[in-house]
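Enquirer: Here's the letter readout for the chains.
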Amino acid sequence: MDLLEYQGKQLFARHGVPVPDGRPARTVEEAVAAAQEVGYPCAVKAQVQIGGRGKLGGIRIAHDAGEAEQHARAILGMDIRGLTVHELWIEAASEIAAEYYASVVFDRSAKAPLMMLSTKGGMDIEQVADEDPDAIARLHVDPLLGFQDFHGRRLAFEAGVDADVVRPVGALLARLYEVFTTEEATLVEVNPLIVTPDRGVRALDAKVTLDGNALFRHPDNAQLRDPSAEDPQERMAAERGLTYVKLDGSIGILANGAGLSMSTLDVVAEAGGQPANFLDAGGGSRAEAITSAVEVILSDDRVRAVLFNIFGGITRCDEVARGLIEAFRQIDPSVPFVVRLDGTNGEEGRELLAEASLPNVHIESTMDGAASRVVELAARP
Amino acid sequence: MDLLEYQGKQLFARHGVPVPDGRPARTVEEAVAAAQEVGYPCAVKAQVQIGGRGKLGGIRIAHDAGEAEQHARAILGMDIRGLTVHELWIEAASEIAAEYYASVVFDRSAKAPLMMLSTKGGMDIEQVADEDPDAIARLHVDPLLGFQDFHGRRLAFEAGVDADVVRPVGALLARLYEVFTTEEATLVEVNPLIVTPDRGVRALDAKVTLDGNALFRHPDNAQLRDPSAEDPQERMAAERGLTYVKLDGSIGILANGAGLSMSTLDVVAEAGGQPANFLDAGGGSRAEAITSAVEVILSDDRVRAVLFNIFGGITRCDEVARGLIEAFRQIDPSVPFVVRLDGTNGEEGRELLAEASLPNVHIESTMDGAASRVVELAARP
Amino acid sequence: MSILVGTETRLCTSGITGREGTFHTLRNRDYGTSVVAGVTPGKGGQDVDGIPVFDTFHEAVRERGANTAMIFVPPRFAADSILEAEDAGIELIVCITEGIPAHDELRVYNILKKNGRSRLVGPNCPGILSPGKASVGIIPASFFSPGNVGVVSRSGTLTYQIGNVLAQHGFGNSSIVGIGGDPVPGTDFIDVLEMFQADDETELIVLCGEIGGDAEERAADYIAEHVTKPVIGYIAGFTAPPGKTMGHAGAIVSGSRGTAAAKAQALEERGVRVGRTPTQVAEAAITLLRG
Amino acid sequence: MSILVGTETRLCTSGITGREGTFHTLRNRDYGTSVVAGVTPGKGGQDVDGIPVFDTFHEAVRERGANTAMIFVPPRFAADSILEAEDAGIELIVCITEGIPAHDELRVYNILKKNGRSRLVGPNCPGILSPGKASVGIIPASFFSPGNVGVVSRSGTLTYQIGNVLAQHGFGNSSIVGIGGDPVPGTDFIDVLEMFQADDETELIVLCGEIGGDAEERAADYIAEHVTKPVIGYIAGFTAPPGKTMGHAGAIVSGSRGTAAAKAQALEERGVRVGRTPTQVAEAAITLLRG
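Residue numbers (the working numbering), protein chains in the order written: chain U, 1 to 381; chain S, 1 to 381; chain X, 1 to 291; chain P, 1 to 291.
For the record, the hints were derived by calculation from the structure and aren't laboratory data.
A few of these clues could be false.
Restricting the straight-line Cα-Cα distance to at most 25 Å, the calculated cross-link-like pairs of lysine-lysine (BS3-like) are [as the list claims (entries may be wrong)]:
#1 Lys120/U to Lys246/U
#2 Lys114/P to Lys114/X
#3 Lys207/U to Lys229/X
#4 Lys113/P to Lys114/X
#5 Lys114/P to Lys113/X
#6 Lys229/P to Lys133/P
#7 Lys113/X to Lys133/P
#8 Lys246/S to Lys244/P
#9 Lys207/U to Lys55/U
#10 Lys111/U to Lys244/X
#11 Lys246/S to Lys207/S
#12 Lys244/X to Lys111/S
#13 Lys114/X to Lys111/U
#14 Lys111/U to Lys114/P
#15 Lys244/P to Lys111/S
#16 Lys246/U to Lys207/U
#17 Lys133/P to Lys111/S
#18 Lys55/S to Lys120/S
#19 Lys113/X to Lys111/U
#20 Lys229/P to Lys111/S
#21 Lys111/S to Lys114/X
#22 Lys207/S to Lys244/P
#23 Lys207/S to Lys55/S
#24 Lys244/X to Lys246/U
#25 Lys111/U to Lys244/P
Could you put together the complete structure from these sequences and hints?
Expert: Written out as structure tokens, the structure is:
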């Protein structure tokens, strides 16, 4: 779960990470009122879960109420790389003496949090990593030990931060680690981490990804989800407890299990088709889940054919067949379906489908055959 | 640093360990007011750092204001095994369905916290440990892992607590562990831990020992020290930064280093004498520290002779000699001193003493010889 | 022989009294696995179709000599249950539960590694099947028969699919190990490759990877250095877009890292044949084992 | 030979720019110890009488090949400094600092044990002296000469006293190891006994214990099973009353446990001669080594 900048900063503030004073706003009026409260000059910042908004005009400095209003009006509703701006963050403008980069990442390979610090802040860190990897100081924190003062000193000295801010930068890193562990984040990134002319340090941006599986322990964070930023189909799927990812093609796909679902996409692509989505109906899929899944798939109007690829394990193929039959009763789809049912109760499932003789439903016995068939059907005019 | 019951309970409350409602009181009037606030019946409890006060009349139940006043008057100023009662704790009386025992101990051998739980609460746990060791469930918590829910369940099931309180007892153990670690205690003990008739669990007593070395991280706890409970000589020594323990004999002893100090006591005892104190002048003892130490030793009027046993390492014997000379200038002691100086700058020290020719100061060259001499001097009428 | 589970397995299920726990435990027993106990705190003394239930793993080990645990409790209780099993001395812990918080997995992994006395397989995995000997988990055992192909996979149903294609071509399995699709699996490809390499019965190894992380790349290095038996690879997720989690918590491509293409290339560069479809995996197996 | 410190020692002092740190580091160097670096955060680039100062242990190891650390920082910074030295790959860490919080010691001990790459001696210890070779710590080296008696002790000045009595009787030392008087010493009697047993130069071992804990009892068991060289024991604190901390954080008798009498008995029951005074220790040494 990716947080918006201002949500991340509010988490930061809760853990003692210094951030500029700011207020969220959803309307031009709220923005102007917020600007009055934080004072001028202030930054009017688009709240979208994507990088590079500054260069696209999503961050502007206001020196008075007139400019605040003008900027808020310009940014609200703006399209930034496909995302519409619904929220603003108005914060006191900061003077910048130096820009650093700091992050804590959940490193799956090392099975430990990875901390990074660089004096090359304010730019794309992946680019820094490629062009000048030594400019980034890194270390892993043993999760059984936790962050120690020496970790902060070592990163600060190795990154070469200015000597007079070694201590405050180390202290800020300790706070970021605390955000990472106590909020159960998988990413905490500050870019830029600034040094002000009076030698204070401050997080000027905040990128926080929380672990969705841990939200039950963090009821406050569970409230933060911003559904407006999500694709409507994905939202619909999430509400029904399905794992759905929208893609660009024309072939709707349902399979059971993440691995088989991905494999199905690949086999369809191998056969020359373009998948419209990833949809994992999950283990033990029951009839209702299947009906829901069909609704989600068909709510994407680019879908020209649908492939069901089920290998029953816990999932029983007869249940899947029943779900499909029920979906056809409720929805009456206008596109062709190709169905491959194998594994647990596969025969019963195929028999049920045969008996129901649903219109425009094609039964295939292998995954490869089913993929070829659905590609062919989707290509028909 | 041993806390009084009520100080422990206030720490408990801060960490969510359920305790009865209560108020501290230092006078009869405060006690009656506190009793009115917590309601009747209530317990009037002597606050002394010693066990067994219940049997000695230090805990009494009041059913009305008259009884509260009567009990407070009786208990305040009472002597309980040599300690005078200066404070009371007035708490709502609890109904008791079962009495358990729970503790977290800093286990030096295992280098881990040891947790114990028993259904034989309300009695001397050392006695239970001797007579029926299986009645105490024990487990060590890996300090790098911390307390886990399964630790609580396992202790509760193995101790055989009533099935309906397994969960709340486990939760309470988790809170006790939190007190132990976050307050940096070396002992957290609850005896009895009670089950009420309505099946709640509650700490009816609290014994907490905090690590004095960690108080700099716990400014609130550092305020809790109750100097009234300490021996006046020990308090005087503590204020001067000396490690002093009062004993029962007549020979005042000063040595440098804890091990040598203990060894000096032993050698004096072996020679037939009775040490009046343990006093470690510390590493690197300077002249002022020695002067202070002499004052502390002589403030005990049972002292009939004093032994200085110094083996200089960091400590320089000439500094010790200078301190002793200065002490004689300021105090003019009436008892004989035996001085043994060896190690760093021993010769210089011995020369200084010889030059000063202090009255009634005897120089010895070995520890054994010094011990014999001081015993002999102390025995003189 | 086989690896991880077999005739020596003495299984204890955590969460045995739950619907799924009961169902799959009994299925495992029906298959022939020696199921000796279950654990559900507060239900000690009961039984599930004759299987005794205990309050703690410690009792299950003491009373019934359990040496293998299957974890079926909900995600918020799973880490605690794994740690309890480890504390009780269980050697192999198979965690089926999906959706465990990542920081819980991190903690569990590091504690088990520190103590070095238990192996965790999973979480979020289908378990382990040694055909003809024992099944611990939810793998539909009836589709597999004993044989000489060892399968290790990050995915469940994809494993069945590949196993099924292999079976249709006449191959049986020594063991099938699902290591799970989570960010911090207790056991990774390398651990299982080492076991298959040492297992007499295994003559061919199929490694089923997917996008995300670098487990396949590290496995490729390991194969090049330590595995002399033939290995066939398969990677799911060639069509996955960057930045989107594909069902498994671990299945996500970030930047240029963790792509299926990079993984397939890493394997192929070290001499591992990689099938683009499950069918191609079976065809490669035919070539390798039957010349 | 000798143990723990010797000619191979390359010392780096944490807190070298403090008064005590400078004084004792230079004394150690004067004795002949190879002192290669110091660490004081923020003072990197400076030097102390020619000894280069670094901001971190990592630099001291990288630039100067330090393999031994001496910790002289105040108690609230000591745990962090020990952990940094360990993280940097220092093999032997000698912590002189007194008054470290007990929970810090617990954490440090368990982390070092888990990682298994560094040995900690102390905290709250006088250090280690291998006469004629190297001195790391605050032991007044001039009172000792090379020889065949190994000494291990929980106490500082008491060690000097016993060493001095031995020296007056003509005995020299292989190494003198102060393990410190704190509740959680990084190195205990058993560790040092094992090293002395394996050390060619050591022919007799003197073990100096004190009240509190059960380290002496465990050492007695270890001696009975693993130590073939003669051992003489000494225990301080026969006259200590229960419940009072005797200077050392570890020196406290609780209930009937940790008394000097019990410790002396445990040693004697396993054949270790226990002297009641330092002089008796020297007399026993004469009997054992000169018949």
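Enquirer: All the hints need checking, so say for each whether the structure fits it.
Expert: Structure-based check of each hint:
no.: 1; hint: Lys120/U to Lys246/U; result: violated, 36 Å
no.: 2; hint: Lys114/P to Lys114/X; result: holds, 6 Å
no.: 3; hint: Lys207/U to Lys229/X; result: violated, 46 Å
no.: 4; hint: Lys113/P to Lys114/X; result: holds, 10 Å
no.: 5; hint: Lys114/P to Lys113/X; result: holds, 10 Å
no.: 6; hint: Lys229/P to Lys133/P; result: holds, 23 Å
no.: 7; hint: Lys113/X to Lys133/P; result: violated, 40 Å
no.: 8; hint: Lys246/S to Lys244/P; result: holds, 9 Å
no.: 9; hint: Lys207/U to Lys55/U; result: holds, 17 Å
no.: 10; hint: Lys111/U to Lys244/X; result: holds, 21 Å
no.: 11; hint: Lys246/S to Lys207/S; result: holds, 24 Å
no.: 12; hint: Lys244/X to Lys111/S; result: violated, 46 Å
no.: 13; hint: Lys114/X to Lys111/U; result: holds, 13 Å
no.: 14; hint: Lys111/U to Lys114/P; result: holds, 16 Å
no.: 15; hint: Lys244/P to Lys111/S; result: holds, 21 Å
no.: 16; hint: Lys246/U to Lys207/U; result: holds, 24 Å
no.: 17; hint: Lys133/P to Lys111/S; result: violated, 33 Å
no.: 18; hint: Lys55/S to Lys120/S; result: holds, 18 Å
no.: 19; hint: Lys113/X to Lys111/U; result: holds, 11 Å
no.: 20; hint: Lys229/P to Lys111/S; result: violated, 29 Å
no.: 21; hint: Lys111/S to Lys114/X; result: holds, 16 Å
no.: 22; hint: Lys207/S to Lys244/P; result: holds, 17 Å
no.: 23; hint: Lys207/S to Lys55/S; result: holds, 17 Å
no.: 24; hint: Lys244/X to Lys246/U; result: holds, 9 Å
no.: 25; hint: Lys111/U to Lys244/P; result: violated, 46 Å
Hint violations for this structure: numbers 1, 3, 7, 12, 17, 20 and 25, all remaining hints satisfied.
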